[in-house]
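Peer 1: All chains should be modelled from the sequences, with the hints used to inform the complete structure.
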Amino acid sequence: MVATAKTYATQVSQPVQSTGAQKVQETPAVKQQNKESAKQSLLAADRFVKEGNFEQAKIEVEKAQKLDSSNPYIQAFLDRIAYFETLQKKNAPPPVAASEPPKAATPAAPAKPPVTAPPTPHPQPAPPRPVVQPPPGPAAPTPPAAATPPKPAAPQQKFTPPPPPPHPGAAPAAPDTSVNSRLEEMRAQIELLTKALHQEKLAREEIKDRQLQSAVSQFRAALEKAWVNGAPREEDSQQLHQLALSLALPEEVEVSVQREVKIDMYSRAVKEVVAKRKLLKSSSSTLEWLRKVYQISVAEYLENESKFLLDLVADQYKGTLLLISEDATGRDPLSSKLKMSGYATIIAATPEVALEKIEKINPNVILCEAKFKQSVLSGVKFLHVLRANSKLNATPFILFCDPSEIQDLQSSELRPNEGYVKKPVDFDELSAVMNEKLVRFREYISKLI
Amino acid sequence: MSKVILLVEDDEDNRDLVSFVMQRSRLDVDLVIAENGQEAVDKALASPPHLILMDMQMPVMDGWHAVPILKADDRTKHIPIIAFTAQAKPEDKARSREMGCVEHYTKPMDPEELLALIQKYLNQ
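Keeping their order, the protein sequence lines are chains A and B. Going by my numbering, the first sequence wraps up at 1203, each residue one higher than the last. Going by my numbering, the second sequence wraps up at 824, each residue one higher than the last.
Check before you lean on any hint, since a few could be wrong.
Using 25 Å as the maximum straight-line C-alpha spacing, the simulated BS3-like pairs for lysine-lysine come out as follows [stated by the list, open to error]:
1) B/K789 / A/K1093
2) B/K789 / A/K1032
3) A/K1035 / B/K793
4) A/K1030 / A/K1072
5) A/K979 / B/K703
6) B/K793 / A/K1032
7) A/K1030 / B/K789
8) A/K1072 / A/K1201
9) A/K1025 / A/K979
10) B/K820 / A/K1046
11) A/K1114 / A/K1093
12) A/K1177 / B/K793
13) B/K789 / A/K1125
Simulated DEER-style distance windows between Cβ atoms [said to hold, decoys possible]:
14) A/S1090 / B/L822: 32 to 40 Å
15) B/S719 / A/T1074: 29 to 37 Å
16) B/P768 / A/L1056: 50 to 58 Å
17) B/R726 / A/S968: 26 to 34 Å
18) A/R1022 / B/V732: 22 to 30 Å
Don't read these hints as lab results, they were simulated from the structure. The structure presented is a predicted model; accordingly, all values stated were derived computationally and were not measured. The beta carbon of each residue, even a glycine, is placed where N, CA and C say it ideally should be.
Peer 2: What follows is the structure, given as structure tokens:
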């Protein structure tokens, strides 16, 4: 265990101070105590000299001088301190690691009988010999500053042995660090550049996407204008193609957008037609004509069938029709034809049965025979019953009558929603009359609204 | 040069439908609209069209009155008139023919049929 000089000095200085306080009395006991304290101070000074702490050593010597000025070693200590100070200044001007050289000078302290200095591993150095390399070993005195590990490559160390020659295969330590840090730096730069490039790529892609979207919407607007009334003329198609080229649209995009617009325009036209289906002779033939106008192929139609399905379903239904006739031979074929035309057709054999059903089905058109064998009500009487019903007195009503009865009917005052068709019923004539009455009925309803 | 068709029709939906069909017909025609017989006579006399599509039942002046006026005037008597009506009885057809209508086309309409008829008389 190595006791530091500082610790030692602290231990010995305490009694000295107390002794100093009592020096005034100068009793023999005190004198003896002062001499003892002075000796302790000199021992401490010796330690400090060995450590190279000459200032502290001087303080301890001065203390000893105050306590016991008669001590013969005081002057010797002062000379000794002066000598080592001069030597230190000459040989080892205070370097960065200032603690090392003075410590190394410690063994140069002269051996004095009263100073019980701890044994040093080195022989007493000759004065001209400067400082030796501090030897390793447990006995070597350790300065307080020695707690800090010495720097490995401190060039200021005068007596530091030169570093061993580098191993042929191994890179020197210092260059390794430099290369590694440079590599790290380059790696970081590469990473930054890669990130920047990636961001630029994303930005370019985004710009490209936006440009493409803008081009597509411009092309789509031009297409919609050209396709609104069906397939454009050849020269218009050429202009559209030129526009696609000038917008730098890829061919597949051009074809795809054109196809979408075509289907959209056809779909819009179908909706318009379906809204006016009651004015059309045949919805299916009209839709067929429209497919020609918009150049919709069978494949395209089937591919987009779901898109038109609702329109087609709506197109099938024209309204609900009540057919009142007891003559099954004439009634049933007519009923089939009406159903095929898109009417939901309900049959009643007599006006009485019709009255039972009529409130439930709320028909759009009523077709009725003029005469019934199995009913007390004739067609005209049934018409009068309906006229009395405020919910039904505007519903289109068509009577089937024999040519002989026409005169009677013409003389009676028929309302705008009422009409007749002579028997045997011609389907085209019936359709025309029904449509005329439906148009009148729509006009009547629209006036009410 | 575009040919001019005068459509005489009081029902807005029918006018829209004929207009819809004509727009998609690829025919190079201009459609002029009149909502009744009186308006039709005024427009036809002012600027004779190439063809007239005439509804026969209309307010103010119906087709039965307008057609004889047009057929009596030198400026319009040569213009083919197609009766365009829901009145489908044979006597109605016969009556329109007697008045000078080239055709009696019965509503409801079929686009292809109507276009074929129009083309036929525009090309004459």
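Peer 1: Each hint needs a verdict: does it hold in this structure or not?
Peer 2: How the hints compare with the structure:
no.	hint	in the structure
1	B/K789 / A/K1093	23 Å, holds
2	B/K789 / A/K1032	20 Å, holds
3	A/K1035 / B/K793	18 Å, holds
4	A/K1030 / A/K1072	11 Å, holds
5	A/K979 / B/K703	23 Å, holds
6	B/K793 / A/K1032	22 Å, holds
7	A/K1030 / B/K789	24 Å, holds
8	A/K1072 / A/K1201	21 Å, holds
9	A/K1025 / A/K979	18 Å, holds
10	B/K820 / A/K1046	20 Å, holds
11	A/K1114 / A/K1093	19 Å, holds
12	A/K1177 / B/K793	19 Å, holds
13	B/K789 / A/K1125	23 Å, holds
14	A/S1090 / B/L822: 32 to 40 Å	39 Å, holds
15	B/S719 / A/T1074: 29 to 37 Å	30 Å, holds
16	B/P768 / A/L1056: 50 to 58 Å	52 Å, holds
17	B/R726 / A/S968: 26 to 34 Å	32 Å, holds
18	A/R1022 / B/V732: 22 to 30 Å	25 Å, holds
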